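S.K.: Read off the chains here:
Number of protein chains: 2
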Amino acid sequence: MILSALVTSVAINLGLCFLFFTLYSILRKQPGNITVYASRLVAEGKVKEGGAFNLERLLPTAGWVRKAWEPSEEEFLSNSGLDAFVFMRIFIFSLKVFTFGGIIGMFVLLPINYLGSQLTDYSDFQHKSLDIFTIANVNNGSNRLWIHFCAAYVFTGVVCYLLYYEYGYISSKRISCFYSSEPQPHQFTILVRGIPVPRGSTCNDAVERFFQEYHPSTYLSHSVVRRSSKLQNLITDADKLYRRLIHLKSKNDAPQRHTRDGFLGIVGPKVDIVDQYERRLGNIEDNVRMEQSSVAAKEVPAAFVSFKTRFGAAIAVHIQEGVNPTEWITEQAPEPHDVYWPLFTVSFIRRWISKLVVFVACVSLTVLFLIPVAIVQGLTHLDQLETWFPFLKGILRLSVVSQVVTGYLPSLILQMFLSFIPPVMVMLSSLQGYISWSLIQKSACTKVLLFSIWNIFFANVLSGSALYRVNVFLEPKEIPRVLAEAVPSQASFFIAYVVTTGWTTIASELFQLTKLIFSFMNRIFRRSGDDFDPPSIPYHSEIPRIRLFALLGVTYFILAPLILPFLLVYFCLGYIIYRNQLLKVYVPKYETGGGYWPTVHNSTIFSLVLMHVIVIGIFGLKKLPLASALTVPLPVLTLLFNEYCQKRFFPLFKNYSAECLIKKDRSDDEHNMHEFYDKLANAYNDPALTPINYSERSDSRTLPLLHGSEA
Amino acid sequence: MILSALVTSVAINLGLCFLFFTLYSILRKQPGNITVYASRLVAEGKVKEGGAFNLERLLPTAGWVRKAWEPSEEEFLSNSGLDAFVFMRIFIFSLKVFTFGGIIGMFVLLPINYLGSQLTDYSDFQHKSLDIFTIANVNNGSNRLWIHFCAAYVFTGVVCYLLYYEYGYISSKRISCFYSSEPQPHQFTILVRGIPVPRGSTCNDAVERFFQEYHPSTYLSHSVVRRSSKLQNLITDADKLYRRLIHLKSKNDAPQRHTRDGFLGIVGPKVDIVDQYERRLGNIEDNVRMEQSSVAAKEVPAAFVSFKTRFGAAIAVHIQEGVNPTEWITEQAPEPHDVYWPLFTVSFIRRWISKLVVFVACVSLTVLFLIPVAIVQGLTHLDQLETWFPFLKGILRLSVVSQVVTGYLPSLILQMFLSFIPPVMVMLSSLQGYISWSLIQKSACTKVLLFSIWNIFFANVLSGSALYRVNVFLEPKEIPRVLAEAVPSQASFFIAYVVTTGWTTIASELFQLTKLIFSFMNRIFRRSGDDFDPPSIPYHSEIPRIRLFALLGVTYFILAPLILPFLLVYFCLGYIIYRNQLLKVYVPKYETGGGYWPTVHNSTIFSLVLMHVIVIGIFGLKKLPLASALTVPLPVLTLLFNEYCQKRFFPLFKNYSAECLIKKDRSDDEHNMHEFYDKLANAYNDPALTPINYSERSDSRTLPLLHGSEA
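Residue numbers (this note's numbering), protein chains in the order written: chain C, -15 to 695; chain D, -15 to 695.
Here chain C stands alone, though its shape is the one from the complex (with noise of 0.2 Å):
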């Protein structure tokens, strides 16, 4: 890539983001795309649909930046709950990393890099190639290498430094958090499964007994978990039409009660709509007290077992509490709303088994995935379509077309077949029998991180066949020459994707192209009677987004510095995005307590070791032996440091010490308890097993309590 072709592709890409900010900023501003801009807002009643309109609203307006920007760190953790909080702490780490290196970069490394003379290159400024503000440019054996080595032991520091800072900073948020929450179901509940059940006795009884046997000053009550995957979906069957019938009541308006009852509501005799949906709910309900009647015979060695103290739940997490180590197996509730129902598996073996299964099919896909990925693409040859669909011939012979299909085509499938991970990653997880959604997530994130890292940094790094990518991963000698003749060949393609691909995802995260296309068609259609149902942050795609482009400036700092400023546009652009986003769109479902943060400080140490062990291999390739020998005890204590915050602050993120536990114990109102504890004993119910009388509560219209929200 030649310096001008970088500058074009710059502006445009800037172009784009401007264009895309100025249509939201009047698209907002509309009253129909209210659900889509504000949904959050609009679940919380901040905001209302409809309104007359004006002309202001044509206009392109900057306010929302300020708004998204005025919340102090305070605010927007009382208003967005921790885990977005540490989102947000994601993009201020990384402007604070990437901020003190662009400065060494840009000033120090970037000149000397400029000044060297291994690549001859007499092309002027314009059309110079972007490899000579890379490290190859440097002569081979300078002295002047010692500066690019001082600076990874300095860039190292200071990351370190920050994450330390960062860690410390979160875990203390994540304490305070804990001690001014509300008492919370889960905080005072475990799950139990593989229980054993004795001969002619009931799980019930037996998780009695034994829990009134061993925890007797602290147990509470408990609920055992059923069968009811048939039950759930009858249930949502139901819940989906009397919303749709709590809307058509409300909007009170004849014409649309009425439809025709043929193909389609075109022809047949126009029936009351209100009416049918009444009769269809009442026959799902009989349906479902059948089921219900009949679940609560089928029940599953788990439970759920609550305790009167946080402390009392801890003591039976954290104690084996059964003889038998596959027996009595507890682990801390989640959330009831969090409960992942629909893949509950309670036996140790069969847990055991298919998280090994899950472990291969996801080793499989992440090293496998370019393979097939390879052969679509190959199909997109010109001479290939061309047989395969000879009357395209005429129009494949076009220039236009050509080039689109050559250019286009294969980038395009690559970005489908992307698009697939998230949910596949998501799916794999949830077959690993986590028992709540939150965690299904989390594992979902680290597996969608490996699988950007290896399939988009290290695939387009060791091009090539793909047999031979893994080959060098099994001489491990080889690993740093290997990378280091390839990272920085790399660079300009990588600065290029960051300009293109970053700065247009975070563009189109604010735009929400989809959404506003599908609530478009929703007005158009009159389907708006459809639930709506604010979405929540999709924590699994978005972090291994924005962490493999902070692995990517972590890589290229030392070898193409020029890669950085680009980066600062892009988090720069984020912050401000999602904060926005998180303030207005997006609902925090659930809580992990700031979980992610493990997940971001492991990566940013990938990153840092990735780094070392591709400068050791520069120094090599420049024949500057000493410099990489000096080199290899920055990863070692690269990794000793990360040791020793896995030490200092991981138990944090595990679980709470006894002295917040009990604290926070002691700190609660007891007048207040009482209530709490009559509601913690049904909080874990089944949400399929809780009588349902939509009928009724139709005819009252008072907007229902939804199934699996109760707390």
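It should be emphasised that the hints constitute simulated quantities derived from the structure, not laboratory data. Small disclaimer: the values here were computed from a predicted structure and weren't measured. Be careful, since some hints might not be right.
If chains are identical, the list can't say which one is meant, so a pair holds when it fits in one copy or spans any two.
What the hints assert, rightly or not - With a cut-off of at most 20 Å between alpha-carbon atoms, the simulated SDA-like pairs for lysine to any residue come out as follows:
| hint | residue 1 | residue 2 |
| --- | --- | --- |
| 1 | 292 | 201 |
| 2 | 638 | 311 |
| 3 | 631 | 341 |
| 4 | 631 | 343 |
| 5 | 638 | 466 |
| 6 | 568 | 343 |
| 7 | 339 | 631 |
| 8 | 157 | 308 |
| 9 | 214 | 370 |
| 10 | 647 | 190 |
| 11 | 224 | 502 |
| 12 | 647 | 463 |
| 13 | 648 | 201 |
| 14 | 647 | 308 |
| 15 | 292 | 669 |
Got chain C; can you put chain D on it based on the hints?
M.R.: Relative to chain C, chain D alone:
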């Protein structure tokens, strides 16, 4: 090695063993050797020294075999403790494994190997090389190799079944031992390190306040640790002197009580030793008292905290106590007399760093051990010796001398270096900051085991420069091929190793040559007043040795089944001899509750996987790639089996479950517990700080409770 040489070697070593046994059965009956051959019985007061001469004492008898055989497992367990029981289970387990392996090996694999014709060997039977009994003799590509393939699967299956059974059996014994144990201080006590002492307060107050705040219902008492290494040395001196004094007084033997004052007790005026000793003891006592009063102020931020119930202690151990995970670090306390005071470290960061340093030291020692050995062995070359010590020239030219020097000296040097390893590993482990001698020994056991496997098995197999050896393990793909080439060719060496080193060490374990000589010297020089300290079995050197032989058996089962009968003899001898020693010689000083079994289990799994890797390589070399590929699942399945065992049984060896602890707590007798609590409150006081008064005690002639063994 040829067959006749093997037969000769077996005959010689059988003769040696027989000689040892005969000598043992005569010597053990001599009254003077009673402290060597029945030291445990002496310490327990079941046998008295002395007795008159009778002829029967000079006749070799095998009564000790019957006596060692007689006790049932239950009797042995109650007599020698769970650790000794587990130690004997190693032999029983190995016997089961190698009986099965021996039958398959000798009656199925050996004939097949012998019937092959890969190695052309036309010599008569007597001069045939042992190699024709190994897999090397099976023809390349022969279908008979499928029998070896099946044998690998069947053998692995049987070993895994036996491992599973044994793990389950030992863990059930562990639990039943716990149930049947008396209340012991270490069950109720935890060690807390990293206590944050607020300014202006003492550690004592901090501990008291913390545990009364957070464990009010179960907290009983605590004792803060103090720096007392100087004091300990003084006390050790006093102890020694006191014991010698008691011994002298007990003899009531006037001539012995007087010695001359001068050089070596030969010249100078006659003095009463008792008077002299008493005066010195008095001086030391004064010093001790002075030091004790100064030590009392030197608090260390660590304490032993005792609780009223075992469950209370378990809660404090398992739940992180303070908010900061590097403070209030808890672990279960060891038995009071098992506490290892000298290297007691408190600071989290210091312990962490010393662990790292020890890890590095241990790895370097293990990997680089052979280099200094090889250098020292190189010095024994005759020409080298002649140039260094010219005056030896005449002697070295004698053929007998030169044979001894070149033949025995190198292996003698290796053995000498090897004998230093267990103490060195104990030293390294003690630097790691373990709190008890038993933990140090357990950790040293693992270290010595890894060391032996590397330096005896791998070093012999992969001859060549040390650097080359390390290199193989950097190219994982090459490992099976390299091992498959190297391991079978060393078969005859290892068969000889079992017959010579194996049988001899077992026999000399019975004979206890060094102790016999020491005791003899003691009697000659009349220093029997010195402390008689009955030994405890050095698990950290014995278990690795036994496991190394088992590793040889497992790896060579397929390759050279001829090794198995000799191993069976080894384990049979070992079973009866160690049973004898554990009943009569070694005193069980502390109890790890069967903590060595997981090490044994893991080493067996390692042997199996190593065997599989070699077999994969062998099938490759033998041009049977299908068998090679079909063997790949075997190590994977074995590792999965191990993973399952780790989940199913290992937790039982780490901690007791809530169920066990609470049941045991409830079974305690209310009345006796008050007495026990009183004892508990003082159990973990630093023995150096208890007031001493030898002078009075030595007058009253009561046998003292030795320091460090009050409980």
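S.K.: Hints numbered earlier in the text: which of these fail when held up against the supplied structure?
M.R.: Violated hints: 5, 6, 9, 12; rest satisfied.
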